[in-house]
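J.: Next come the chains, spelled out residue by residue.
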Amino acid sequence: MSVLRSLWFGLGRVLKAPALLGWIYLASLAVSLPLATVVRGKIATHVGGSLVEQNLRTSLDLDWYGEFVEEVSGVAATFGPEVIGHMALVANLERLLDGELFAAHRTLLSAGGLFLIFWTFLVGGILDRFAHPREPHSRARLFGHSGELFWRMFRLLILSVLFYLAIFRFVANPLHDFVEQATRDVTTERTVLFWTALVYLFTGVLLAAVSMAFDYARIAVVVERRRSAVLALLRGLGFIARHPGPTCGLYLLLLIVAAAVMLFYGAIAPSSSPSNWAAVLGALAIGQAYVLARILVKLWFLASQTVLFQDAQGQPDHTPTPSAPR
Amino acid sequence: MVARCVVHLARGILWLTFVLPAAGQQAVEVSKRNANYTIQVRLDPEAKMLEGREVLEWRNTTRFSTSELWFHLYWNAWRNSRSTWLREDALRAEPRGGQLKQRRAEDWAYVQVEAVRVLPSGPFGAAELTQQARYASPDDANPEDRTVLVVPLPRPVGPEETIRVELIWKSKIPRTFARTGFRGRYFFLAHWFPKLGVFEPDGTWNNHQFHAATEFYADYGMYDVQITVPQGWRVGATGVALGVTDHPDGTSTHRYQQADVHDFAWTTSPDFREARRRFERSGLPAVDIRLLYQPEHAGQLERHFRAVEAALEHYGLWFGPYPYGHVTVIDPAYDSGSGGMEYPTLFTCGTRYWAPFGGGQPEGVTIHEAGHQFWYGLVGNNEFEHAWLDEGLNTFSEERVAEVAYGQWFFVRRFFREFVPVWLRDVRRSRLHGMGLDRYRAAARREVPATPTYRYHPETASAITYSKTALWLTTLERMLGWETLQRILATFFQRYRFQHPKPEDFFRTASEVAGQDLTWFFDQVFYRAAVFDYAVESVESEPVRTLGYVERNGNRILAETESGREEGPYETRVVVRRLQDGILPVEVLFVFEDGERIRETWDGRALWKLYTFTRPARLEYAVVDPERKLVLDVRYTNNSRRLQPRPQFVATKWAAQWMVWLQDFLHTLISLF
Numbered sequence: 001m002s003v004l005r006s007l008w009f010g011l012g013r014v015l016k017a018p019a020l021l022g023w024i025y026l027a028s029l030a031v032s033l034p035l036a037t038v039v040r041g042k043i044a045t046h047v048g049g050s051l052v053e054q055n056l057r058t059s060l061d062l063d064w065y066g067e068f069v070e071e072v073s074g075v076a077a078t079f080g081p082e083v084i085g086h087m088a089l090v091a092n093l094e095r096l097l098d099g100e101l102f103a104a105h106r107t108l109l110s111a112g113g114l115f116l117i118f119w120t121f122l123v124g125g126i127l128d129r130f131a132h133p134r135e136p137h138s139r140a141r142l143f144g145h146s147g148e149l150f151w152r153m154f155r156l157l158i159l160s161v162l163f164y165l166a167i168f169r170f171v172a173n174p175l176h177d178f179v180e181q182a183t184r185d186v187t188t189e190r191t192v193l194f195w196t197a198l199v200y201l202f203t204g205v206l207l208a209a210v211s212m213a214f215d216y217a218r219i220a221v222v223v224e225r226r227r228s229a230v231l232a233l234l235r236g237l238g239f240i241a242r243h244p245g246p247t248c249g250l251y252l253l254l255l256i257v258a259a260a261v262m263l264f265y266g267a268i269a270p271s272s273s274p275s276n277w278a279a280v281l282g283a284l285a286i287g288q289a290y291v292l293a294r295i296l297v298k299l300w301f302l303a304s305q306t307v308l309f310q311d312a313q314g315q316p317d318h319t320p321t322p323s324a325p326r
Numbered sequence: 001m002v003a004r005c006v007v008h009l010a011r012g013i014l015w016l017t018f019v020l021p022a023a024g025q026q027a028v029e030v031s032k033r034n035a036n037y038t039i040q041v042r043l044d045p046e047a048k049m050l051e052g053r054e055v056l057e058w059r060n061t062t063r064f065s066t067s068e069l070w071f072h073l074y075w076n077a078w079r080n081s082r083s084t085w086l087r088e089d090a091l092r093a094e095p096r097g098g099q100l101k102q103r104r105a106e107d108w109a110y111v112q113v114e115a116v117r118v119l120p121s122g123p124f125g126a127a128e129l130t131q132q133a134r135y136a137s138p139d140d141a142n143p144e145d146r147t148v149l150v151v152p153l154p155r156p157v158g159p160e161e162t163i164r165v166e167l168i169w170k171s172k173i174p175r176t177f178a179r180t181g182f183r184g185r186y187f188f189l190a191h192w193f194p195k196l197g198v199f200e201p202d203g204t205w206n207n208h209q210f211h212a213a214t215e216f217y218a219d220y221g222m223y224d225v226q227i228t229v230p231q232g233w234r235v236g237a238t239g240v241a242l243g244v245t246d247h248p249d250g251t252s253t254h255r256y257q258q259a260d261v262h263d264f265a266w267t268t269s270p271d272f273r274e275a276r277r278r279f280e281r282s283g284l285p286a287v288d289i290r291l292l293y294q295p296e297h298a299g300q301l302e303r304h305f306r307a308v309e310a311a312l313e314h315y316g317l318w319f320g321p322y323p324y325g326h327v328t329v330i331d332p333a334y335d336s337g338s339g340g341m342e343y344p345t346l347f348t349c350g351t352r353y354w355a356p357f358g359g360g361q362p363e364g365v366t367i368h369e370a371g372h373q374f375w376y377g378l379v380g381n382n383e384f385e386h387a388w389l390d391e392g393l394n395t396f397s398e399e400r401v402a403e404v405a406y407g408q409w410f411f412v413r414r415f416f417r418e419f420v421p422v423w424l425r426d427v428r429r430s431r432l433h434g435m436g437l438d439r440y441r442a443a444a445r446r447e448v449p450a451t452p453t454y455r456y457h458p459e460t461a462s463a464i465t466y467s468k469t470a471l472w473l474t475t476l477e478r479m480l481g482w483e484t485l486q487r488i489l490a491t492f493f494q495r496y497r498f499q500h501p502k503p504e505d506f507f508r509t510a511s512e513v514a515g516q517d518l519t520w521f522f523d524q525v526f527y528r529a530a531v532f533d534y535a536v537e538s539v540e541s542e543p544v545r546t547l548g549y550v551e552r553n554g555n556r557i558l559a560e561t562e563s564g565r566e567e568g569p570y571e572t573r574v575v576v577r578r579l580q581d582g583i584l585p586v587e588v589l590f591v592f593e594d595g596e597r598i599r600e601t602w603d604g605r606a607l608w609k610l611y612t613f614t615r616p617a618r619l620e621y622a623v624v625d626p627e628r629k630l631v632l633d634v635r636y637t638n639n640s641r642r643l644q645p646r647p648q649f650v651a652t653k654w655a656a657q658w659m660v661w662l663q664d665f666l667h668t669l670i671s672l673f
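Going down the list, the sequences are from chains A and B. Here this note's numbering is used: position 193 in the first sequence is 193, and no number is missing along the way. Here this note's numbering is used: position 309 in the second sequence is 309, and no number is missing along the way.
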């Protein structure tokens with residue numbers, strides 16, 4: 001059981017299943033494109049025939065933005081400087097680590113919920129694909145297994161949401177409050193920054209641990225045909241406990257890959273300067289390439305962890321296909 | 001007569017003793033100096049207590065007598081939650097005092113005057129007044145408020161008479177509610193001593209309670225203050241340090257003096273580091289800048305000095321020189337709540353450990369607070385009632401200096417509990433944005449600026465005081481030209497230095513210097529909450545055609561329909577509209593496809609106006625106020641309109657950015673699952 005082997009074969013399984021990447025990408029596009037169309041319409045209506053359009057070609061005119069954000073409602077109100085380039089990534093990362101993903105704008109939350117349901121639906125089929133790379137696969141099999149495993153995955157989703165909420169409610173936020181109280185007489189920002197960074201790091205580790213445990217729980221559901229979400233979670237935890245080095249090492253390596261993808265995009269992300277159609281389309285293409293890279297990394301996570309899980313059972317690639325739910 | 005001679009003699013001695021030797025101060029123009037303080041104060045850093053004794057020498061400069069003295073006891077604003085300050089602060093969406101339930105016992109404050117007595121001097125004999133002193137609440141009759149102390153006198157103080165009063169007090173230092181207090185071993189002490197109000201020329205005391213939206217008003221005078229703190233602690237204070245005396249009990253007494261100021265603030269901490277710089281520019285007096293900074297900000301010294309120098313240079317050249325010869329700049333401790341505040345010859349700025357250059361911090365706040373040495377320090381308006389006179393003028397001046405000295409700041413947002421700055425270099429903050437155009441837009445109708453500031457709703461006070469004033473000054477700048485506005489401000493500065501000007505003084509000066517009656521302007525922006533919004537409502541440009549009967553060769557004939565004809569000439573019709581009650585003459589620019597430009601002036605009074613032109617080319621666009629002189633216009637997007645709107649490109653561009661952000665949001669979300 002090797003971390004690098006899992007990584008290597010995991011990547012191989014992902015690359016052999018490009019359709020998965022396509023389905024997820026299409027789903028994210030299906031959720032985001034209609035909303036982007038709404039935002040586009042709101043911006044177009046607000047700008048209308050105004051000459052402010054000239055300023056908006058080359059940069060975000062903050063004076064215009066102040067008017068816009070005061071006058072629009074709904075999802076368009078989420079438009080602002082923080083959606084631009086690298087700032088968008090940082091803004092979402094902050095939401096993740098502050099637990100604000102669950103407290104986003106109502107429309108965003110609905111979009112996120114929809115996408116999450118789709119992901120939960122598909123993840124069973126995806127894991128089945130990764131767990132049985134030598135078996136013939138088809139769209140029917142993907143959606144068939146996704147459907148069969150949906151409710152099990154859904155129960156795991158609910159359970160994981162409860163865990164995440166608990167982390168923010170009972171650990172992360174109280175720890176931030178504690179740091180604030182404990183440093184109330186500290187006069188150097190560096191000291192408070194250090195402790196705050198530690199809390200963020202700890203929060204990140206907790207989130208990663210829960211995420212990893214539920215990843216293996218989902219894999220157990222697929223590979224071992226488990227029905228109970230709780231037992232699957234215990235199986236996932238047990239697996240991590242028995243193989244802490246490989247599981248954590250693999251997760252860490254994949255996390256580094258994900259961070260590298262984000263840093264790379266952050267470095268080349270188009271800012272507000274595109275001022276002609278070619279530049280805008282180029283910027284959009286770069287953005288979509290980044291989205292595809294993120295999906296690829298997410299699939300790589302699941303595939304590598306599946307390889308690791310199967311290796312540990314001594315039955316790589318030979319886990320029987322789960323039977324139909326009874 | 002003898003008494004008056006004694007008073008003048010005493011003032012002469014005071015001048016010779018304290019002012020001239022005060023470390024080479026410049027020859028400062030002399031203010032009335034009718035409120036002079038000699039104070040000894042001792043800090044107990046463990047108990048967070050101050051013990052003080054002050055001798056106030058006050059001369060009645062009015063033609064009325066008074067049988068009372070009114071004092072501010074500012075720190076009683078944080079004595080308990082029923083004070084006027086905290087009641088008003090609670091109206092804010094995010095109170096500056098924070099969540100009061102989370103406050104610990106050590107956080108609260110008070111000032112207790114333990115003795116008040118008249119010292120024998122001139123016509124006054126010694127008298128004990130402690131028992132007669134009472135609290136008053138002249139603004140809201142709040143019986144729980146103890147921020148005003150009234151001391152009845154045994155004998156009225158007549159015109160030009162001087163009285164000497166001794167006060168002994170103890171204060172509990174707050175954990176900062178607003179601008180003053182402690183954090184660890186950092187202490188910033190403002191509003192810290194019983195301070196006399198202003199006896200106005202009409203014979204009444206102007207001594208408001210401490211309110212959430214206002215702060216200062218006092219007469220100019222001489223301050224001689226001895227501050228005792230633990231040995232080894234650095235002290236920064238108003239004025240010039242005259243020396244340090246060490247004591248066997250491990251404390252040191254630092255002596256500071258300053259004449260012709262209306263307040264005194266100080267700070268102390270063992271952690272301060274010190275840097276100095278001498279500001280020298282031709283045509284301006286030299287100024288010694290002393291910077292007390294936090295060790296973790298050592299890399300930002302040059303940025304602080306450059307900002308102070310930019311302010312001293314431009315304010316000095318535009319309005320008048322800074323006369324004191326020295327200024328102390330305080331870089332406050334992290335999260336001490338004392339940053340961004342002005343006191344005579346001393347101010348606090350504020351920066352962060354990570355502060356990208358070009359993002360405006362610490363430069364913006366440093367220029368602003370340095371600028372207050374002029375608007376507030378030298379021109380001493382009544383901030384309780386007319387805070388706009390210093391904050392508004394200063395916000396305008398600050399933004400102008402920043403633009404001249406640095407250009408436009410770029411957009412910065414701080415993430416992760418505001419520790420990590422992320423910036424967009426190609427998104428720039430305009431001067432109007434810096435002045436708070438967005439804040440003003442949201443609060444435009446909520447307050448009439450002429451309302452006394454202490455009656456403003458705390459939530460909207462700054463939008464009116466700072467932003468609206470700065471915006472209408474910018475409007476004046478663009479209407480009259482910078483040279484004229486600069487002369488208005490310089491004249492106002494020169495006339496009212498060391499005085500207490502009122503709004504009417506500014507308006508009168510403005511009209512006089514501008515050479516035109518600007519009453520109509522101030523009526524709208526100050527005495528009413530008029531809102532300005534001009535718009536191009538519609539544009540049409542079509543080939544000229546006539547339908548119906550026309551005279552041709554002496555006969556009335558039915559004109560032929562000319563539909564479908566596309567060649568010129570074209571008849572252009574543009575409707576411009578005034579959408580709100582604010583009225584200002586505006587220019588309207590019409591640009592045609594062949595490059596022809598027509599500029600018209602509209603008095604802006606009617607609710608709408610139709611412009612019709614017959615020209616060889618179609619209209620391309622029309623703009624109301626093309627140079628954006630009327631920056632108070634709350635919606636500039638509707639000021640222009642193209643014949644052929646083309647918002648698709650920018651809408652697509654920004655929606656695409658938004659979509660990638662949303663996709664990243666979605667994938668960040670599922671990264672957990």
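Just so you know, the hints here were simulated from the structure itself, not pulled from any lab data. Just so you know, not all the hints are guaranteed correct.
Stated by the list, open to error - Some but not every residue of chain B turned toward chain A, in silico, with C-beta under 7 Å:
(1) P154
(2) R183
(3) F410
(4) V412
(5) F415
(6) T637
(7) L662
(8) Q663
Glycine included, every Cβ here is placed at the ideal spot set by N, Cα and C.
J.: Hey, does the B/L662 contact hint survive, CB to chain A under 7 Å?
T.: holds, 5 Å
J.: Hold the hint about B/F410 up to the distance rule: shortest CB distance to chain A must be less than 7 Å.
T.: With a closest approach of 10 Å, the B/F410 hint is violated.
J.: Any CB of chain A closer than 7 Å to the CB of B/R183?
T.: B/R183 check passes; min Cβ-Cβ to chain A is 6 Å, inside 7 Å.
J.: Was the hint right that B/F415 lines chain A, CB cutoff 7 Å?
T.: This interface hint holds because 5 Å falls under the 7 Å limit.
J.: May I ask you to test the interface hint for B/V412 with respect to chain A, counting a Cβ-Cβ separation under 7 Å as satisfied?
T.: At 10 Å from the nearest chain A Cβ, B/V412 fails the 7 Å test, so the hint is violated.
J.: Measuring from the C-beta of B/P154 to each C-beta in chain A, is the shortest one below 7 Å?
T.: Violated, about 46 Å.
J.: Double-check B/T637 for me: the hint is only fine if its C-beta lies closer than 7 Å to a C-beta in chain A.
T.: OK, holds: B/T637 within 7 Å of chain A, min 5 Å.
J.: Given a cut of 7 Å on the nearest C-beta pair, is the interface hint for B/Q663 held or broken against chain A?
T.: This interface hint holds because 5 Å falls under the 7 Å limit.
Checked against the numbered hints above, the structure breaks hints 1, 3, 4 and satisfies the rest.
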